[in-house]
Amino acid sequence: MNDLSQMLADVRRGMIPAYVYNDEEVFKLEKEHIFERSWIFLAHESEIPEPGDYVVRRILEDNFIVARDEEGQVRVMFNMCLHRGMQICRAELGNASHFRCSYHGWSYRNDGKLVGLPFHNEAYGGEDGFSKSGQSLLPAPAVETFNGLIFANLDPNAQPFREFLGDFAFYLDFYTRQSGDGVEVRGPQRWRVKSNWKIGAENAAGDSYHTPQTHRSVVEIGLFREPTGAKRKEGALYWCDKGGGTTYKLPPGTFRERLRYVGYTDEMIDRMESSWSLEQKRLISDDGFMISAATLFPSFSLVHNWPKVDANADDDEVVPFITMRVWQPISATETEILSWFIVDKNATEEFKEASYKGYLMCFGSTGMFEQDDVENWVSITSIAGGSMARRLLLNSRMGLTSADKPLNTPLADFHGPGLAYVGYGEFNQRALLKEWADCIERPLDQKEQLAMGEKILASGTKGREK
Amino acid sequence: MKDVRLEHANGAEEPVIELGNEFAEVQIRKIHTRNGVRLLISSPKSGHSIALCPLELEALTWQNQDSLSLLINNPYGPIEQVQLNE
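Chains as they are written, first to last, in this note's numbering: chain A, -3 to 462; chain B, 236 to 321.
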């Protein structure tokens, strides 16, 4: 890393030191300053619908069991046995009333409560030597859900999620609340790419400019009619609180006609009509914009597209799909992508199947968009590691004049919250990296140690050798 | 813990249900004694098995999570007496 304050200053004026995409010191800062105290998406509630259902997810190296306990409550527990630190759940998903450690056989209820120590009497003298009452797997420091999306934060003093999310919630509803009953998900697919995590997050946040070039082949083979240069620049880019995204401009029409244009069926549109607010509906009916890709800082992205799924169908027969993903950093140069398919829970089976097919054709490890994108991102990451990259500031100032004035005025009558511009611009990438810079600059709090049995020790009764 | 009934019981023609997750794996089968039936639950890994009568099975239905946690507490044998006294 070159000088930190210079790096942050450069990023804030939209000149990005190329090495930030491949630098060990930068990555160390990101781990401590961003990922250990930001809201990170773990799972959707529909992945653990029944008591005992669980999935195993990570934030950096921290491994968590995300479970629905016997009472139906969602629990996020650090997946480490309190005894010798063994990982307790090693399958990625399952159903269990109790988890049993494979090392010494300690067992825990699915709400995390420690219930069993083999030879408790002989080894510890029972409760006298080791009081297991009140002991639990460590809960994640902060957990909140929104529209069934489960987020966790490793910082116990984190800003509450809803406050953090702010008015970006307005946009999240388009993806995750198309009906009162919400959505269900398939997946995630999980795979690793040799790319820095920020590149994908920035790309989804606001890069409508790459679509006509990078994804040209997708248009050429007739899979997706929209991402031509002319069409993409008509869309609006918006940034609101901690997230932002891209949209497509729709042809003239009513709310219903425009949703039909992207392939929604009338019964689905009926449900959207009753579950979205007037302002949300006016974004479509009055402003004529349809949400597409988006990112919520730091590493949660969404995509909404409407490809032509059936090659023999007419050109206007498209099927929309929604996907969400986490850019989970492995190192400065590698990212694990977790990619889910999302669909309105009340959609017909026929729609769900067609939409899932559209998703698989475009995104996920098999998707064409995915292949196109990752090829670029791997190259950027690789070349950002050399000495020349340390001398280069990448220009991320699209949409601004040299005097920092936007080329186009923000939309005055846009019905969504935040600030929106029509046309190409790197407003959102800059906003995302400004959050990144602010987060890196904010000093770290002292970390509290969570000793096993701390509560008991604090009351000074039992549990530790004198 | 082999159940003596196993040697005499007749149930070879009954279907076996296998249930497993990452923590345990069991095989379940209905078995017939001369005058009645039991449910045989066996764990291929530990070699333990138990044949439960209908009343014992019904008793499971009125347990709660805490009493089942007690059963799980010690994976090497029955509930320790001290726990029963708690």
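It should be emphasised that the hints constitute simulated quantities derived from the structure, not laboratory data.
Just so you know, not all the hints are guaranteed correct.
To be verified - Not everything, but these chain A residues come out facing chain B in the computed CB check (under 8 Å): (1) 66; (2) 68; (3) 69; (4) 79; (5) 81; (6) 85; (7) 86; (8) 90; (9) 92; (10) 93; (11) 105; (12) 111; (13) 247; (14) 248.
For every residue, glycine included, the Cβ atom is placed at its ideal position computed from N, Cα and C.
Original post:
Which numbered hints does this structure break?
Top reply: 2, 3, 4, 5, 13 and 14
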